[in-house]
Structure formats: structure tokens, C-alpha cells
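Take 1 as the starting number for the sequence shown in our numbering and just add one per residue.
Because the hints were derived from the structure by calculation, they are not lab data.
Treat each hint with caution, since some may be false.
Stated by the list, open to error - Lysine to aspartate or glutamate pairs mimicking EDC-like chemistry, simulated, CA-CA at most 16 Å apart:
#1 K106 - D52
#2 K76 - E104
#3 K99 - E27
#4 K77 - E104
#5 K99 - E75
#6 K2 - E111
#7 K24 - E111
#8 K76 - E49
#9 K106 - E75
#10 K119 - E27
To be verified - Simulated DEER-style distance windows between Cβ atoms:
#11 A60 - E144: 20 to 26 Å
#12 S25 - N54: 19 to 25 Å
#13 E27 - D6: 19 to 25 Å
#14 H124 - N58: 29 to 35 Å
#15 D6 - N140: 20 to 26 Å
#16 P126 - E78: 36 to 42 Å
#17 M66 - Y136: 18 to 24 Å
We put the CB at the ideal spot given by N, CA and C, even for glycine.
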Amino acid sequence: MKIYCDIDLYNSIQKVDFGMFYIKSGEKFFPYKLWNDFSLSILNYWISEVIDNNDCCNAAFSVHFMEGPYYLLLEKKEDWVIISGNKEDGIFENAFLEKITFSELKQVLFETASLIVAKMKELHIPSENRLNASFYKNFNLLGELLSSKKSDF
Numbered sequence: 001m002k003i004y005c006d007i008d009l010y011n012s013i014q015k016v017d018f019g020m021f022y023i024k025s026g027e028k029f030f031p032y033k034l035w036n037d038f039s040l041s042i043l044n045y046w047i048s049e050v051i052d053n054n055d056c057c058n059a060a061f062s063v064h065f066m067e068g069p070y071y072l073l074l075e076k077k078e079d080w081v082i083i084s085g086n087k088e089d090g091i092f093e094n095a096f097l098e099k100i101t102f103s104e105l106k107q108v109l110f111e112t113a114s115l116i117v118a119k120m121k122e123l124h125i126p127s128e129n130r131l132n133a134s135f136y137k138n139f140n141l142l143g144e145l146l147s148s149k150k151s152d153f
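Throw the hints in and build the complete structure from the sequences for me.
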């Protein structure tokens, strides 16, 4: 599974982030290839949900896209997570299903967030506003979770 995420438009006055945000698994894309959305907001929200469910053995939670009726349902069972792409009306022609370890999911999110952090620094996007501060906080927490898991071996 790979998350494609970029910040194409950032307006520091309006605090708006917009850019490409979609997922690829095998040859399938969700919701669609080259989907545009509030990429930073979504990535931050997804990381937050994963952090919140990190210590649960069995949990089901959803993470939503902001533009359109699309969301992922994540069902965590022990160390595995089954991820299914869904649409609020239940009708979606591009069925998406992925099974990975929860650690792999955290790693994919961290790698994606790392690219966004680099892009934000390159574009001199400030970290002072609420969204950016929350994103950096969650990015650092996710990094700590990954580091602590590696040190357990």
C-alpha cells in the first residue's frame, strides 16, 4: 500500500491546504488516481486515528476523505489491519481491500508524512497555525511509536 500525498496549494492566511491525496494497492487506486483533497488535514487526521488505536488489540475505526463521500474502514485484529475502501452510499465500482500489519500501516503513514514535512520546509510553510502544529505533533508521536517498537526487538 502506498499513499500519494502532496501539497499543491497552501494559503497561510486562510489556513487551507489542498493537493493530491489517494491510495494505491496493487493496481487499484482509492478513491481515484490523482484525487485532490485537503491533503495535510486528512493525513493529520489519519495519523491521529492510528495513534489513538495503537494500543488496542481489536478495533474498528474509519478515516475519511474531506472532499466527497469516501472513507476507509480499518479493522485491527491483533497485529493486522484490514483496510477497505468505502463510499457513504455503499455503491463504489472501484473496490479496495488491503491487509497489512499495523506496524506497516504506521510506517506508510510516517513515510508519507516525512515527505510532507520536507515539502513544508521547502515551501517555508509555518508551523505556528493550529493545523500545522497538530500535524507536527502527530508526526513526532508516530515517529516515537515506530522507534519504541524497533527498540523492543
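Violated hints - listed by number, lowest first: 10, 14
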